[in-house]
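Residue strings, one per chain:
Protein chains: 2
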Amino acid sequence: MTFKLIVTFVLLTTGFAALSQGKPTTAVVEKGIIKVAIMYPYAEGKTFNMEYYETRHMPMVAGFLGPNLVKYTIEKGLANGVPNQPLPFMAIGTFYVQSLSDYQAAIGPKRDSIRADFSNYTNISPVIFVSEVVK
Amino acid sequence: MTFKLIVTFVLLTTGFAALSQGKPTTAVVEKGIIKVAIMYPYAEGKTFNMEYYETRHMPMVAGFLGPNLVKYTIEKGLANGVPNQPLPFMAIGTFYVQSLSDYQAAIGPKRDSIRADFSNYTNISPVIFVSEVVK
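Protein chains in written order, with the UniProt record's numbering: chain A, 1 to 135; chain B, 1 to 135.
A portion of the hints provided could be inaccurate.
Same chains, same names: a pair is fine if it fits in one copy or spans any two.
[Stated by the list, open to error] Derived BS3-like pairs (lysine-lysine); straight-line CA-CA distance at most 25 angstroms:
#, residue 1, residue 2
1, 71, 46
2, 135, 76
3, 110, 31
4, 110, 71
5, 135, 46
6, 135, 71
7, 31, 71
8, 46, 76
9, 135, 110
To be clear, the hints were calculated from the coordinates, so they are not data collected in a lab.
Just chain A, with the same shape it has in the complex (with noise of 0.2 angstroms):
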């Protein structure tokens, strides 16, 4: 009986262990954290190619951040929440970094090859919102 009950607990553990290493990571975005967004605003004869930013620009400059990265985020503009008035955002690229000093220590270097990378998707200048999460 004892040795049933220790079988038992021991497949039960390894059960556990296998179902918690099984399972999606998903990063935790804690308060404290910084976000590092990159906002492209809306004007007439404004144009943003998603599928590049989404496909070739963010995961480009994202590994460039290392183990500072938590997660890096996209988002489409659809419309401004008052009616009539004009679309404030075409899309914004975040970046939820650990370090703000780390982050602007590895986009540094390579400042000029992101901004050179501008042109293939966006006629835009965007404007960079470095914030805290509250909650």
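Guided by the hints, dock chain B onto chain A, whose structure is given.
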């Protein structure tokens, strides 16, 4: 032996079920989810009481949204990503919802009381930006 296997299987399955119920639920923001961001632009003389916003205003509005609300976030503006440029926003509150029309239907009848609460924490007129999660 068959019986022992069945018992082990039942224990394992029960263990898994208990484990999956015990872990903290993390709201999953998937591609296609709608973001409604209430953005408070910075300007000289503008004020923003983050404590009131976090503990009173945002929980009140979130309470109007029911199961359509996936999660909400709050961020505090720190800097413009370009040196010597003004801070773009003092704060941003964001509701992640499954359906924009359900959001509008829930907020519509409450709009006056939501706006009446603005003066309790800020003198800024927010910009409301609706976007779709691409990644």
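Against the structure, the hints come out as follows:
In this assembly of identical chains, the alpha carbons of residue 71 and residue 46 never lie at most 25 angstroms apart, being 28 angstroms within a copy and 32 angstroms across copies at closest. Proximity of residue 135 to residue 76 under the C-alpha cut-off of 25 angstroms is found in both arrangements, the shortest distances being 22 angstroms within a copy and 9 angstroms between copies. Taking the shortest Cα distances, residue 110 and residue 31 never come within 25 angstroms of each other, neither inside one copy (28 angstroms) nor across copies (29 angstroms). In this assembly of identical chains, residue 110 and residue 71 lie within 25 angstroms of each other by CA distance solely inside one copy; the values are 19 angstroms within and 34 angstroms between copies.
Only between protomers do residue 135 and residue 46 lie at most 25 angstroms apart by alpha-carbon distance; the minimum there is 22 angstroms, versus 33 angstroms within a single protomer. Within a single copy, residue 135 and residue 71 get their C-alpha atoms as close as 16 angstroms, and across copies as close as 10 angstroms, so both meet the 25 angstroms cut-off. In this assembly of identical chains, the alpha carbons of residue 31 and residue 71 lie at most 25 angstroms apart whether taken from the same copy (14 angstroms) or from different copies (14 angstroms). In this homomeric assembly, residue 46 and residue 76 come within 25 angstroms of each other (Cα to Cα) only inside a single copy, at 14 angstroms, whereas the closest approach across copies is 29 angstroms.
Proximity of residue 135 and residue 110 under a CA criterion of 25 angstroms is satisfied inter-copy only: 23 angstroms between copies versus 31 angstroms inside one chain copy.
Violated hints, listed in ascending order, are 1, 3; each of the other numbered hints is respected by the structure.
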